[in-house]
Amino acid sequence: MNDTAERPNRAKPELEQEHVSIQSVLDVQEKSAYQRFIGNQSFWVTVALVAICLGMVWVEPRFATEDNFYNITRNFAFIGIMALGMTPVIITGGIDLSVGSVMGLAAIVAGSVLLAETPAWMAGWWPEAAWAHSWWMAVIAGLAAGAVVGFINGVLIAYVGLPPFVVTLGMLAAARAVGVILSGNRMLYDFIPDADTFKIIGGGQNFGFDLPFRLSNPFLIMIVLTIGLAVVLRMATWGRHIYAIGGNEHAANLTGVPVKRVKVQAYVLCSLSAALAAILSVGWSGSANNSLGATYELLAIASVVIGGANLMGGEGTAYGAFVGAALIFVIRNSLLMAGVDSNWQGIFVGAFIVLAVLLERIRGRRRE
Amino acid sequence: MLLELRKVSKSFGAIKAVSDVDLQVGRGELVGLMGDNGAGKSTMIKLIAGNFPPSSGEIVIDDEVVHFHKPVEARGKGIEVVYQDLALCNNLTAAANLFLGRELKSSIGPIRWLNHAAMNRRAGELFGELKSETRPRDLVRQMSGGQRQAVAIARTRLTDAKIVLMDEPTAAISVRQVAEVLDLIRRLKDSGITVVLISHRMPDVFAVCERVVVMRRGRKVADKPITDSSPEEVTGLITGAIHSA
Chain A
-12 MNDTAERPNR AKPELEQEHV SIQSVLDVQE KSAYQRFIGN QSFWVTVALV
38 AICLGMVWVE PRFATEDNFY NITRNFAFIG IMALGMTPVI ITGGIDLSVG
88 SVMGLAAIVA GSVLLAETPA WMAGWWPEAA WAHSWWMAVI AGLAAGAVVG
138 FINGVLIAYV GLPPFVVTLG MLAAARAVGV ILSGNRMLYD FIPDADTFKI
188 IGGGQNFGFD LPFRLSNPFL IMIVLTIGLA VVLRMATWGR HIYAIGGNEH
238 AANLTGVPVK RVKVQAYVLC SLSAALAAIL SVGWSGSANN SLGATYELLA
288 IASVVIGGAN LMGGEGTAYG AFVGAALIFV IRNSLLMAGV DSNWQGIFVG
338 AFIVLAVLLE RIRGRRRE
Chain B
753 MLLELRKVSK SFGAIKAVSD VDLQVGRGEL VGLMGDNGAG KSTMIKLIAG
803 NFPPSSGEIV IDDEVVHFHK PVEARGKGIE VVYQDLALCN NLTAAANLFL
853 GRELKSSIGP IRWLNHAAMN RRAGELFGEL KSETRPRDLV RQMSGGQRQA
903 VAIARTRLTD AKIVLMDEPT AAISVRQVAE VLDLIRRLKD SGITVVLISH
953 RMPDVFAVCE RVVVMRRGRK VADKPITDSS PEEVTGLITG AIHSA
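Protein chains in written order, with this note's numbering: chain A, -12 to 355; chain B, 753 to 997.
Derived from the structure by calculation, the hints contain no laboratory data. C-beta atoms are modelled at their ideal positions from N, C-alpha and C, and glycine is treated no differently. Possibly wrong hints are sitting among the right ones.
From the structure, some residues in chain A lie toward chain B, with a derived Cβ separation under 7 Å [said to hold, decoys possible]:
{"hint": "1", "residue": "Ala160"}
{"hint": "2", "residue": "Ala161"}
{"hint": "3", "residue": "Ala164"}
{"hint": "4", "residue": "Met222"}
{"hint": "5", "residue": "Ala231"}
{"hint": "6", "residue": "Thr242"}
{"hint": "7", "residue": "Val244"}
Chain B is nowhere near these chain A residues, computed Cβ spacing over 10 Å in every case [claimed, not checked]:
{"hint": "8", "residue": "Pro48"}
{"hint": "9", "residue": "Ala107"}
{"hint": "10", "residue": "Trp118"}
{"hint": "11", "residue": "Tyr230"}
{"hint": "12", "residue": "His237"}
{"hint": "13", "residue": "Ala238"}
{"hint": "14", "residue": "Leu241"}
My request is simple: use the sequences and hints to build the entire structure.
This is how it looks when you write it as structure tokens:
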């Protein structure tokens, strides 16, 4: 950007500057709201999203159907929820590669609690008759599994000081393995009758209300979480500290930000969001599979980065994660409808990540 | 005595950065701390600011022996620091940096949220007092060296600090801004705040300080009123041409 054009106040000669009231300078903002809006990556992703949708409506009549809208929004909700959880972690300059495996683990833990019979590996010490649980116990167990994984990640990263990439890569392998062991490497589907409530949470629509439109529960939950995260990042001290850690961790530490605690909280939140996505996914499909969420970490991270977050930390928004996930899924859906082999999708998703980082790099260079 | 160092030493492995330093600073004093690179000035500041505890010796503030392990603890005792690298977050606004770690909040019952308007307003007032054209809503990334300095210095004015430690506050700014920063340092002193100024710039120290302390290789080699010294003597002390004074 051309600095001199934007800062008329500073262009004044030295002598004259003494007569400019300081208050008048203080009230000026560096960039107008409009300029910041235009300079925002999530704005351009939104434009691309709308353009693709309009294009698809024009060429493909099946795209604009209510059913297709319902399916796309539900499918991207799972990734969107994970992307929202990933956002604070990426803003702090970290990354969480384990979310896909956390999904598999949380699905198995929640599914085990819902089972009509005692899981095989437990039968020896937990009597058959006592294995009678409620749907909410399954929800809590699944979330707790996620929280434990996030806590381990967070402590190893913040307190032990290991690189996030290494810790969460290790957790990617470990959490998946625990899921496979707990499930006895079988799909869990023989659920108690109470599991119907569980299934409605993930598979139902409109939160059970009778409304003139049809939106899946996971999508509605994601909308609520997007608004929630946006408010927290903007209005809460915690959000301010997340950005500060990403901007200059050393400075954050010196000014008294509880850096380590905040980081642990970010990783716990990230894993919790993956566990929530798993619980909704199990409810929707009616079964728990230990392979759930494999490679989803890539989609979640891609969503956040496409939405304008900086992998070096310091930047990112809740809306960016939302619209980034939406763009990925609309492109996937469009490619499917256009008859492109689904095996090709990875190439497009991969290309979009690189493109997004490239755009960020170009914008960063202009700023300097 | 407001601040007292008794036989303070600090080693990093085999390197003794500060050895057996005694220092006394009274209320409202303006002390210049000088020395070459690696003489132990920054380590001294970090000891007082609570970045790490001394290897031996004790630090006394208001006749109370203190043991700081974190900067926050020192801040709780009224010690504020302006760091050499300024410790600012480039991705946040001036106001956000100013209030980092002690944000102003509004609340209804248990729900508390950031009061952006109040922070921007207060930041504007503080920058106004410092006569700095720093705008509270600007990102620090887009600021000049002098403006960054103003943000870092304004931080020390948020609370009723007793001691302000300044690590090379005039190192990275223009000549006109140096005069502003020196004015500010005088204003801090006039309002009864004790200032310890670390600087390489001889003219700055001789312009504002009342007393000069010189460090060489981790030891204190001089501690005398500025009127009894001269830039030539201090230069000699720093380089080792004069052993002590």
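So, going through the hints one by one against the coordinates:
1. Interface restraint check for Ala160(A): the shortest CB-CB distance to chain B comes to about 33 Å, outside 7 Å, so the restraint is violated.
2. Among the interface hints, the one on Ala161(A) is violated; its C-beta lies about 33 Å from the nearest C-beta in chain B, farther than the 7 Å criterion.
3. Restraint check, Ala164(A) versus chain B: the minimum CB separation of about 38 Å is more than 7 Å; hint violated.
4. Hint on Met222(A) holds. Least Cβ distance to chain B is approximately 4 Å, under the 7 Å limit.
5. A distance limit of 7 Å between C-beta atoms decides the matter here; for Ala231(A) the minimum to chain B is near 5 Å, and the interface restraint holds.
6. Look at Thr242(A): its Cβ gets to within about 4 Å of chain B, closer than 7 Å, so that hint holds up.
7. Evaluation of the Val244(A) hint against chain B yields a held restraint, the C-beta minimum of about 5 Å falling below 7 Å.
8. Every Cβ of chain B is farther than 10 Å from the Cβ of Pro48(A); the closest lies at roughly 45 Å, confirming the non-interface assignment.
9. In this structure Ala107(A) is separated from chain B by more than 10 Å, as the shortest Cβ-Cβ distance comes to about 46 Å.
10. Consistency note on Trp118(A): stated as away from chain B, and its beta-carbon is indeed over 10 Å from all of that chain's, at 39 Å minimum.
11. A beta-carbon of chain B comes within 10 Å of the beta-carbon of Tyr230(A); the shortest separation is about 6 Å.
12. At the 10 Å boundary, the C-beta of His237(A) falls inside the reach of chain B, the nearest C-beta of that chain being 7 Å off.
13. With a least beta-carbon separation of about 4 Å from chain B, Ala238(A) fails to lie farther than 10 Å from that chain, contradicting its non-interface assignment.
14. Chain B draws Leu241(A) into its interface by the beta-carbon criterion, the shortest separation being 5 Å against a cut-off of 10 Å.
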